[in-house]
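Novice: Given only the sequences and the hints, what does the whole structure look like? Please build it.
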Amino acid sequence: MLESILSKYPKEQDMLIEILLDVQNQKTDQYLSEAEIEQIASYLSLPTAHVSSAVSFYTFFSTQRRGEHVIQVCKDVPCYLNDSDNLVDTIQKQLGIGMHETTEDGMFTLEPTSCLGICDGAPAMRIGEHTYTKLNKDRVTALLAEYRGKR
Amino acid sequence: MEQKLLTKHIPGMDPMNIQAYLDVEGYQSFFKAFKTQPLDIIGDIEKSKLRGRGGAAFPVHIKMMSMAKQKETTRYIICNADEGEPGNFKDRYLMENNPHQLLEGMLIAAYATRANKGYIYIRGEFDTPIKIMHEAIRQAKAHGLLGTNIQGSGFDFDLEIRSGAGSYVCGEEFALIESIEGKSGRTRVKPPFPTDVGLFGKPTLINNVETFSNLPWILAMGGEAFASIGTESSTGTKLVSVSGNVKHPGVYEVPFGVPIRDVIDTLGGGTQNAQKIGMVQLSGASGPIIPEYMLDLTIDFDRFEDFDSKTGAGAIIVMDDQKDMFNILKRISDFFEHESCGKCTPCREGNVHMSKLLNKFLQSDATEKDLMNLESLSRVMHQTSLCGLGQSAPTAVLSTLKYFRDTYFDRIEHPQEGGLA
Ligand SMILES: Cc1cc2nc3c(=O)[nH]c(=O)nc-3n(C[C@H](O)[C@H](O)[C@H](O)COP(=O)(O)O)c2cc1C
Ligand code: SF4
Ligand code: FES
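Protein sequence lines, in the order shown, are assigned to chains A and B. In terms of this note's numbering, the first sequence has 84 at position 84, counting the first letter as 1, and numbering is strictly consecutive. In terms of this note's numbering, the second sequence has 236 at position 236, counting the first letter as 1, and numbering is strictly consecutive.
Hints were generated in silico from the structure; no laboratory data involved. Please read all numbers here as calculations on a predicted model, not as lab measurements. Careful, some of the hints might be misleading.
As the list claims (entries may be wrong) - In silico lysine-lysine, BS3-like type, Cα no more than 30 Å apart, as pairs:
id: 1; chain 1: B; residue 1: Lys202; chain 2: A; residue 2: Lys137
id: 2; chain 1: B; residue 1: Lys202; chain 2: A; residue 2: Lys8
id: 3; chain 1: B; residue 1: Lys32; chain 2: B; residue 2: Lys8
id: 4; chain 1: B; residue 1: Lys323; chain 2: B; residue 2: Lys343
id: 5; chain 1: A; residue 1: Lys11; chain 2: B; residue 2: Lys8
id: 6; chain 1: A; residue 1: Lys150; chain 2: A; residue 2: Lys27
id: 7; chain 1: A; residue 1: Lys93; chain 2: B; residue 2: Lys343
id: 8; chain 1: A; residue 1: Lys93; chain 2: A; residue 2: Lys150
id: 9; chain 1: B; residue 1: Lys202; chain 2: A; residue 2: Lys134
Specialist: Here it is as C-alpha cells:
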C-alpha cells in the first residue's frame with residue numbers, strides 16, 4: 001500500500017509533509033512505523049534522521065500505534081471558558097481511558113490539542129478529519145455512539 | 001458599527017461556485033491590474049496604507065516593492081493560512097466563505113511582484129478550508145484564471161496548497177518556509193528577509209489571508225478611498241474574532257477605530273448569563289490581558305506598544321469574572337511550552353519554567369520570591385528569544401503583572417482562599 005501512495009508524489013523533498021500525512025491517514029492504527037519512515041526517506045533520497053525528526057516535530061504524527069479514530073479535544077482558553085474540561089471528563093468516562101490512551105478495542109485514542117481555530121464553536125474537538133463544535137455532554141455521547149455504530 | 005468589505009458578499013454566496021463570485025464583480029480587480037503597470041499597483045497599495053493582518057502589521061507595499069526590485073526572476077508568493085493562535089479564526093472564515101477573493105488577491109500580488117508560483121500554507125486542522133481552497137483553485141484553473149498566459153496577458157501563475165501538520169510556530173514566516181520545504185518548522189535568523197532569500201532560496205512574498213483578501217478592494221476603490229476608512233495609522237477594516245464568554249461568538253468586520261467594548265457588547269451580545277467581564281485578552285494567546293475598565297480602547301494597530309504587541313490578528317477573548325486568572329495563565333503557558341520549537345534556550349527552557357511557576361500560584365503554593373522570578377523570567381524571555389513565539393509568550397503574564405498585580409499578592413497572602421477553578 002505504501003508504494004502505491006508514494007508513487008502519486010514527485011520525488012521532491014518538499015512533498016515530505018504531504019506524504020507523511022497521507023500515509024498516516026490511510027492506516028487504521030494511525031501511526032508511522034520505523035519501516036515506513038525508512039521507506040519514505042529512501043523514496044525522497046533523504047537521510048532517515050531527517051524524516052524521523054520531522055515526524056517527531058509535528059504533533060499530527062505518531063510513532064506509537066493509535067486507535068482508528070483519534071479524538072483531539074481542544075485545551076486552549078476560549079474552549080476552556082466554555083467548559084471543555086467537562087467535555088474531556090465525559091469522553092474519559094464514556095471510553096474508560098485517560099488522555100493519550102487508546103481503548104482496548106483499538107477504536108479510539110484520546111489526545112489534547114492546541115486551539116483548532118474554531119473558537120466560535122467552543123468547546124470544539126476533532127475526530128479524524130472532522131471537526132465538531134458547541135459540544136455538550138449529550139452531543140458528545142451521541143457522537144461516540146455513532147462512531148461505534150459505524151464499525 | 002460593522003463595515004463590510006471583505007465579508008460583504010458572503011451572506012448567501014456559494015463558496016463552491018466561482019460563478020457566484022464572478023456575479024458580484026469578482027476578478028474584476030485582477031483584470032484591472034492587467035491594464036496597470038505593476039509598479040503603479042504597488043503605488044496604489046502604498047496609498048491605501050494597508051498593513052499586514054497576520055499580526056506584525058508591517059506595511060504591505062514595502063515588502064512588495066522589495067520583491068519587485070529583485071534581480072532573480074524565480075520568485076514565490078505564499079499565503080499564510082496557518083492561523084493557529086488560540087482565539088483566532090477569521091482566516092478560516094474567509095477561506096470557507098469567500099475563497100475566490102483570496103485567490104484574486106494573490107493573483108494581484110503575484111502580478112504586481114512578477115511571481116509565477118504561489119503556495120497557500122493551510123494548517124492541517126483546517127480540513128474544510130483545505131477542501132474548499134482546492135476546489136476554488138480547480139475552478140479558477142478551469143476558467144483560465146490560473147495557469148499559463150492568463151487571459152492572453154502573457155502572465156503565468158500557478159498555485160498549490162500545502163498543509164501543516166499541527167504546529168503553531170509554522171505560522172512564523174521562516175518556520176513556514178522550512179515546513180513547505182519538507183523540514184521541521186524552525187525559524188531562521190533574520191536578515192536576510194524572505195523577500196531577499198525565501199522559499200528554496202528565492203525571493204518570497206508572504207502575507208496573511210486577510211491581507212491578500214484586501215487587495216481586490218484596494219484596486220476596486222483606489223488606494224486613497226481605502227485609506228479614508230479606519231484611522232490614520234490603521235486603515236481599512238479589521239476582521240475580529242470574538243470568543244470566550246460572550247453570547248454571540250463569531251467573526252465581525254469593523255473599521256479600525258471602533259472601541260473594543262462596543263464590539264463585545266453590540267456584536268458579541270455581552271457576556272453569557274449576564275456575568276461581569278473579568279478580563280479580556282486581545283490578539284490571542286500572545287496578547288495582553290486587560291481589565292474591564294480599559295475596554296474603551298479602540299481597535300488600532302499601535303495601541304499596545306507597551307508590550308510590543310500590536311492588535312495582532314484581531315482576537316478578543318472575553319472572560320467573565322468567575323474565571324480563575326491563574327488557570328487561564330497556566331493554559332496559555334502550557335500552549336507556548338508545547339508549541340516552542342526548541343531552537344533557543346530562553347523560549348525552550350523559559351516556558352517550562354514559567355508553567356512551573358504559574359502552577360505554584362494555581363496550587364496556592366507561591367511565594368513573593370516566585371513572583372519576582374516570574375517577573376524577571378518574563379522579561380528575559382521577551383527580550384532574548386529568537387522569534388516572536390518566545391518573545392510574546394510572556395505577554396499574558398507581563399500584562400497581568402501590570403493590571404492585576406493584586407491578584408498575585410492575594411494568592412500569595414491568602415492561599416486557602418485561592419480555590420481552584
Ligand atoms: C509564532 C508566530 C506565529 C505566527 N502565526 C501566523 C499565522 O498563523 N498567520 C499569519 O498570517 N501570520 C502569522 N505570523 C506572522 C508571520 O510571521 C508574518 O509576519 C505574516 O505572515 C506576514 O503577513 P502579513 O504582513 O500579511 O501579516 C506568526 C508569527 C509568529 C512569530
Ligand atoms: S523563540 Fe521559541 S519558537 Fe522561536 S526560535 Fe526560539 S525556541 Fe523556537
Ligand atoms: S480555543 Fe478551542 S478552538 Fe480555539
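Novice: It remains to establish, for every hint, whether it holds in the given structure.
Specialist: Hints versus structure:
no.	hint	in the structure
1	B:Lys202 <-> A:Lys137	violated (51 Å)
2	B:Lys202 <-> A:Lys8	holds (27 Å)
3	B:Lys32 <-> B:Lys8	holds (20 Å)
4	B:Lys323 <-> B:Lys343	violated (34 Å)
5	A:Lys11 <-> B:Lys8	violated (43 Å)
6	A:Lys150 <-> A:Lys27	holds (17 Å)
7	A:Lys93 <-> B:Lys343	violated (38 Å)
8	A:Lys93 <-> A:Lys150	holds (21 Å)
9	B:Lys202 <-> A:Lys134	violated (44 Å)
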